[in-house]
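> Each chain is listed here by its residues.
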Amino acid sequence: MSSRDQVTKSARTYDGVVLCCPVTEPYVRRSEHGAAWFLARALRRLIDASGVARHAIDGLCVSSFTLLPDTAVAFTQQVGLSPRVLEWLPMGGACGIVALRRAARAVQAGDAEVVACIAGDTANDRSFRDLLAGFSTFSRDAVYPYGAGGPNASFALIADAYMRATGATREDFGKLAVAQRTNARRNPLALLRGELTLADYLAARPIAEPHHLFDCVMPCAGADGFLVMTETRARTLGLKFVRVLGAIERHNAFPDDPVALRGGWAMDRDALWSQAGIGPKDVQLVQTYDDYPVISMLQFEGLGFCDAGAGPAFVRRHDFTVDGSFPHNTGGGQLSMGQAGAAGGYLGLVEAMRQLLGDATERQVANARHALVSGFGMINYDRGLCSAAAVLGRA
Amino acid sequence: MIKLQRCADCGAAQYPPREFCGACLSDRAAWETADSLPGQVLACTTLHHSNEPAFRPRLPLKVGLVHLDAGPVLICFVMRAAAGDAVNVRVGPDDLLEAIG
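Note that the protein sequences, when read in sequence, are chains A and B.
All letters in the first sequence, in the order written, are residues 6 to 400 by the numbering used here.
All letters in the second sequence, in the order written, are residues 124 to 224 by the numbering used here.
Hints listed in this document are in silico derivations from the structure and should not be mistaken for laboratory results.
In this text, a Cβ means the ideal position worked out from N, Cα and C, and glycines have one as well.
A hint or two may mislead.
[Claimed, not checked] Sample of chain A residues facing chain B (criterion: CB under 8 Å; computed from the structure):
(1) R134
(2) F143
(3) D146
(4) Y151
(5) A153
(6) D165
(7) G172
(8) A209
(9) I212
(10) A213
(11) V264
[Claimed, not checked] Here are the in silico distance ranges between beta carbons for each label pair:
(12) B:V214 <-> A:S279: 47 to 55 Å
(13) B:L148 <-> A:D20: 34 to 42 Å
(14) B:R181 <-> A:V33: 54 to 62 Å
(15) A:G56 <-> B:C133: 54 to 62 Å
(16) B:P176 <-> A:R34: 15 to 23 Å
(17) B:P180 <-> A:S87: 50 to 58 Å
(18) A:V33 <-> B:P180: 30 to 38 Å
(19) B:I223 <-> A:R321: 36 to 44 Å
(20) A:T202 <-> B:A177: 35 to 43 Å
[To be verified] Facing chain B, according to a computed beta carbon distance under 8 Å, are these residues of chain A, among others:
(21) A147
(22) V148
(23) G155
(24) A271
With the sequences and hints as input, model every part of the structure.
Right under this line is the structure:
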């Protein structure tokens, strides 16, 4: 391959662009507020945390399910922003990393100077069912009529196939869920902080077999956000920041796989690690998109932490708690923090930022220099369509 | 009768249905009918919870992922079959697809 080919294939780095001010509007099980309230709270927190004037925010990335019929466009009028870059990113569990990528490129190109990235949703008795029933045309026509199990059922089919293909057991899934609860007990932002043992996990009621209660995230309300700007601007503002060493996304990967035993990461992970200049062994913590433990295992495989199909052996070999051999979902992940809709696509990112900024308080991973964050979103029919990942570095 | 879309231009079968061929983007996605369609169960789940109250009296419900011999993968109710089994997919009394081993 000529050097010219390599130049056209590898994307520019994210040098000079940084991430600042991870914020969270605390999650709650249910809320009477609308999604815009949660998003506005996150925006306010970004302004308060950064000292950036509201009019200086000239880029905005927004993700939400329950903001509809409004989008990022309506939200600008609601909160009085006049951005010159505006992104509406309905990509579920991948939306945080995709927002990071869009915002970083806008800042590098000079299209915007300070980009606020926010995601959030409300939750009430009707919102979740409405979301599932109208999630997509394929889902509405060809999934929901078959028992209306929602993502629990769709991912149960993948989990069943994965267990059959790899020998993964409920104990393997449970080990991840229990480790995340252990981590959550050190995170005041986590909604689920009661002790969870492997025996509790195994004894839980079935939801969509092989998934039982503690395999499934709890829908809730909340919002997360962060700012993207140049390193120079962050220094001028006196803000601590995190570097973006590499980032990838891929949509509708491997469409010919009959059952989705891999996400899209395998297509781009070499580019990710190459761009980052480090490898899987060089990160001190990993945040996966954990709507179900089996999906975390697909990410370990897809991102090169272990071979394809070797997820179970990898899980049996490691300790996934904050102080363990492979610190994973160090704030508790969605399984213990709750899934605040689209904010689930930000949760791993803001947690990784807090770890690299040294702001993770009693759950701080020692010597955290590099973090891998991955996202996975949008089960349009039989699989999640959006895969994304980022490698972040301490400044 | 069960209906499956097949492209009149490239011959690809597809499911879920759409107004064009997802393989070649032809707009001649035509309907083929059959009494049932053969396939293999790739995976199964047993639902103990449903988001729709109307399904709740029928729980637990067995749902599967079936790889049709014709190519597409579909989600349907599974009556008497397990993962790995060869099945026939037909339209059940409620107009929904079901796999019979």
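> Evaluate each hint against the coordinates.
Evaluation of the provided hints:
Residue-level restraint check for R134 (chain A) holds (minimum Cβ-Cβ distance to chain B is 5 Å; threshold 8 Å). The interface hint given for F143 (chain A) holds, since its Cβ lies 5 Å from the closest Cβ of chain B, which is under the 8 Å cut-off. Because the beta carbon of D146 (chain A) sits about 5 Å from the nearest beta carbon in chain B, less than 8 Å, this interface hint is met. Among the interface hints, the one on Y151 (chain A) holds; its C-beta lies about 5 Å from the nearest C-beta in chain B, closer than the 8 Å criterion.
The beta carbon of A153 (chain A) is positioned within 8 Å of a beta carbon in chain B (closest approach about 4 Å), and the interface hint is therefore held. The restraint placing D165 (chain A) at the interface with chain B holds, with a minimum CB-CB distance near 4 Å, inside the 8 Å limit. A cut of 8 Å between beta carbons decides the hint on G172 (chain A): the least distance to chain B is about 14 Å, and the hint is violated. Hint on A209 (chain A) is violated. Least Cβ distance to chain B is approximately 11 Å, over the 8 Å limit.
The closest approach between the C-beta of I212 (chain A) and any C-beta of chain B is roughly 5 Å, which is under the 8 Å cut-off, so the hint is satisfied. Hint status for A213 (chain A) relative to chain B: holds, with the closest Cβ pair at about 5 Å, below 8 Å. Because the smallest distance between the Cβ of V264 (chain A) and any Cβ of chain B comes to about 5 Å, under 8 Å, the interface hint for this residue holds. Under the hint 47 to 55 Å, the C-beta atoms of V214 (chain B) and S279 (chain A), about 50 Å apart, fit the expected range.
Taken as a hint, the range 34 to 42 Å holds for the pair L148 (chain B) and D20 (chain A), whose Cβ atoms sit roughly 39 Å apart. Roughly 33 Å separates the CB atoms of R181 (chain B) and V33 (chain A), a value that falls outside the hinted 54 to 62 Å. The supplied range of 54 to 62 Å is met by G56 (chain A) and C133 (chain B), whose beta-carbon atoms lie about 59 Å from each other. For P176 (chain B) and R34 (chain A), the Cβ-Cβ distance of about 21 Å falls inside the hinted range of 15 to 23 Å, so the restraint holds.
Take P180 (chain B) and S87 (chain A): their Cβ atoms lie about 54 Å apart, and the range 50 to 58 Å holds. For the hinted restraint 30 to 38 Å between V33 (chain A) and P180 (chain B), the CB-CB distance of approximately 32 Å keeps it satisfied. For the pair I223 (chain B) and R321 (chain A), the supplied restraint of 36 to 44 Å holds, since their beta-carbon distance comes to about 38 Å. Against the hinted window of 35 to 43 Å, the Cβ-Cβ separation of T202 (chain A) and A177 (chain B) comes to about 36 Å, which satisfies the hint.
For A147 (chain A), the interface hint holds, the least distance from its beta-carbon to any beta-carbon of chain B being 4 Å, beneath 8 Å. This hint holds: V148 (chain A) has a C-beta 5 Å from the nearest C-beta of chain B, less than the 8 Å allowed. With a cut of 8 Å, the hint placing G155 (chain A) at the interface with chain B holds, because the nearest CB-to-CB distance is about 5 Å. For A271 (chain A), the interface hint is violated, since its Cβ never comes within 8 Å of a Cβ in chain B; the closest pair sits about 20 Å apart.
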